[in-house]
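Participant: Just so you know, the protein sequences line up as chains A and B, in that order. Going by our numbering, the first sequence opens with residue 1, and the numbers climb by one from there. Going by our numbering, the second sequence opens with residue 1, and the numbers climb by one from there.
None of these hints come from the bench; they were simulated from the model. Where a beta carbon is used, it is the ideal one built from N, C-alpha and C, also for glycine. Take these hints with a grain of salt, some might be off.
[What the hints assert, rightly or not] One-sided and incomplete, this derived list gives chain A residues near chain B with beta-carbon spacing under 10 Å: (1) Arg170; (2) Gly174; (3) Tyr277; (4) Phe280; (5) Pro302.
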Amino acid sequence: MSAVLEQVFQVGFLAAIIRIATPLAFATLGEMFSERAGVLNLGIEGIMLLAAMAGFTGAYFSGSLWVGVLAAVAAGALMGALHALFTVVLGLSQHVCGIGVTLFSSGLAYFLYRLIFGQQSVPPSIKGFQPVPIPILSDIPVLGPAVFNQFTLVYMAILAIPLAAFILYRTPWGLSVRMVGENPRAADSAGVSVMATRFQAVVLGGALMGLAGSFLVMAQFNAFTFGVVSGRGWVAIALVVFGRWDPWRSAGAALLFAFVDALQLRLQAAGLGHIPYEAFLMLPFVLTIVAMAFMSRNAVAPSALLKPFRREER
Amino acid sequence: MTTLPPLIEMRGISKSFGPVKANEAVDLAVAPGEILGLLGENGAGKTTLMNILFGAYQPDAGEILVNGKPVSIRNSADALAAGIGMVHQHFHLASRLTVMENLLIGIPGKGGRLDRAGALARLDDIARNYGLHLDPDQPVSALSIGEQQRLEIIKALFRRARLLILDEPTAVLAPSEVDGLFSALRAMAAQGLGIIFISHKLNEVRALTHRCVVLRHGRVAGRVDVPAETTALEMAQLMCGHEIVPPERGPSVPGAVVLSLDAVSTGGHGGMPLRAVTLAVREGEIVGIAGVSGNGQRALADVVSGMLKPQSGTMDIAGKRVAAFTPREVQALGLGRIPEDRMTTGLVTNLPLADSMVLPRIGTEAFSARGLLKPGAIVAFAEAQIEAFDIRCPGPMVRAGALSGGNLQKALLARELAFDPKVLIAAQPTRGLDIGAARFVHEKFLALRARRCGIVVVSEDLEELLALSDRIAVMYEGRIVGVLDSADASVSRLGMLMSGAGGSA
Ligand SMILES: Nc1ncnc2c1ncn2[C@@H]1O[C@H](COP(=O)(O)OP(=O)(O)OP(=O)(O)O)[C@@H](O)[C@H]1O
Ligand SMILES: [Mg+2]
């Protein structure tokens with residue numbers, strides 16, 4: 001048993017957690033902004049896939065990873081705008097439109113990928129991001145190599161958490177986002193455009209989902225496959241609830257999920273032979289469900305979540 | 001006052017909602033320093049007119065002038081920019097955000113951040129000028145209704161409103177809070193602000209306003225130039241177009257006890273709990289429950305209507321012991337209920353009116369058979385009630401939420417009375433109702449009393465209780481501190497008991 005533990009907690013375990021958490025953190029923050037404004041975005045799974053595809057293609061042809069990241073963010077924002085058009089401007093059902101956006105963008109991603117790259121026996125790949133050690137900080141024992149010898153996108157995710165909290169809690173726009181998600185009528189009568197604020201929040205959310213997608217193809221797998229997202233979008237939706245719609249808690253939730261996922265991978269590798277590996281794969285999801293059931297009992301969703309706003313209705 | 005151009009002027013404003021003409025060619029002006037009363041029956045179009053002024057609705061015709069210049073008000077941002085602020089009938093606050101956050105919404109920040117320091121300074125100014133204080137860091141959910149209203153007023157002043165619209169501000173206030181509101185409003189008028197004040201309580205209108213405009217069926221039916229010298233009855237007549245006669249209350253001949261509570265105590269459920277409350281209501285009698293709001297009236301109403309199970313004590317309805325305390329059980333025993341909050345526990349605002357009107361009895365033979373609804377019977381029932389109670393609405397299939405306050409209340413009343421309850425409990429039954437509608441409700445209660453129903457009326461309006469009740473029980477801190485025969489009761493005597501200074505009665 002101690003041998004197993006040793007293998008699990010070897011150097012690099014912490015680094016693995018952080019890498020797994022990064023795309024989840026981006027996606028969770030994106031979904032959180034959208035939901036804080038009152039718009040559930042079930043398009044997240046598809047948006048991440050399309051953004052991953054756009055990011056990979058952009059990087060592949062331009063030779064620049066950052067052009068790829070930009071393409072992914074643009075694709076995410078665009079799909080966010082599409083979702084906002086349906087749910088905010090036209091006031092259609094957020095559930096139906098979100099699932100529609102996921103189906104549409106996944107389909108579009110498959111289609112464009114095949115169109116551009118054709119059917120190849122070995123999928124094309126790129127040379128992804130390399131870790132950028134931060135001087136001095138990366139020399140701290142244990143923490144240094146794990147946290148401060150990472151991809152730039154990881155640092156961006158770490159910075160995105162306080163930035164999101166600052167925007168949400170300290171800026172006029174963030175207050176507008178929270179208000180339109182709580183009581184759009186109050187925002188409207190205070191002179192805030194409910195439509196514009198919600199639209200912006202959903203587009204920003206889409207852009208963050210795009211960043212999540214770009215991390216998968218440019219730092220994690222360095223290639224695009226159709227299974228590259230594999231449920232991470234859905235997990236993010238759960239993590240937002242788990243994190244009670246708060247940037248810090250949501251990021252914490254992402255970290256916790258990543259911890260269990262990393263643990264699960266190690267346990268698999270450690271080969272506890274008699275347990276089928278699927279059991280380990282299930283672990284983080286089971287934990288999410290259990291944790292959600294306990295922790296989100298008294299979580300309260302934004303009051304106006306799922307509710308379209310029309311002014312002359314009472 | 002006459003030499004200045006009016007602060008705001010509305011000319012020829014019309015607005016229809018489908019077939020309903022809510023406003024028709026309405027003219028109205030407010031001068032600086034003037035408090036204008038806006039009167040009218042329920043559904044006369046007062047709120048609609050003010051929503052147009054505040055940019056929430058677009059008028060079909062007419063124009064709005066600010067300081068003599070025509071302006072176009074397309075949304076609330078335009079109205080706020082023109083110096084118009086509004087305190088809505090139902091507050092526009094986010095209850096999970098703090099006072100400060102509700103104040104700062106829509107205000108551009110300083111250096112990209114929320115300007116908290118600047119806001120605190122303004123808040124201080126407002127507190128000093130008008131005597132309006134609030135703790136900026138409290139969440140709105142922790143504020144009393146009166147404090148929430150104060151926040152709405154501060155919000156308007158914070159945005160430097162020159163004209164303040166208040167839509168039935170006193171409907172939700174206790175009498176003591178009304179005094180505070182009035183002195184703040186007078187201070188604002190003294191500093192040159194214009195105020196539009198909507199209320200159904202004509203004595204308040206007479207005490208506060210300088211001038212009144214009366215709406216009837218969306219049109220201006222008359223103006224009152226010196227409200228202080230006009231009687232409430234004269235105003236009421238202008239509002240409804242006919243004379244209003246107070247209902248006669250004959251002597252009561254109470255019979256057997258139909259509702260009795262014996263030493264009922266409850267746990268706190270977000271409000272004041274009941275402490276060993278004992279009360280008996282006989283058939284053919286109206287018992288009023290007086291008290292400053294938050295002294296256990298809500299718990300009492302909830303227990304009687306089967307929504308709150310007491311921790312100890314017993315309750316009998318028509319001689320039968322209530323065991324489970326579910327709404328269904330007490331209804332089956334013959335209880336009717338007019339809830340305090342029409343919108344949330346009364347009707348389902350998103351369903352057709354007809355469905356809401358049969359909801360408590362949806363499972364009975366009259367409206368369903370073998371698990372299927374009988375839509376025909378439901379609509380027929382609703383139509384009959386709309387006719388009998390003169391509920392003004394486009395028809396039984398209209399969304400209940402589209403009705404005006406008074407008509408919602410009539411619908412609730414119609415629903416409960418149609419089933420001949422043995423006991424009726426009504427909480428704030430005339431809150432927000434115009435004089436005519438309030439009279440109507442009172443007449444129905446008296447008619448029900450003559451039909452031997454036992455009635456409990458919870459109200460903060462002492463004049464209403466004195467006019468209606470045979471006996472009045474006063475609640476203070478969850479107990480009944482005195483029961484008076486209404487012949488011996490007076491506003492001052494009740495007021496003493498309500499403040500807990502009554503001793504034993
Ligand atoms: N958004 C709406 N949709 C449909 N009908 C409406 C709407 N708002 C108001 N009405 C109708 O317009 C008429 C005027 O309503 P309004 O709310 O202005 O009356 P009010 O004078 O404020 O009444 P109350 O004293 O009960 O508040 C009513 O018949 C009402 O049903
Ligand atoms: Mg009104």
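Participant: Going through the numbered hints above, which ones does this structure break? Give me the numbers in ascending order.
Facilitator: 3 and 4
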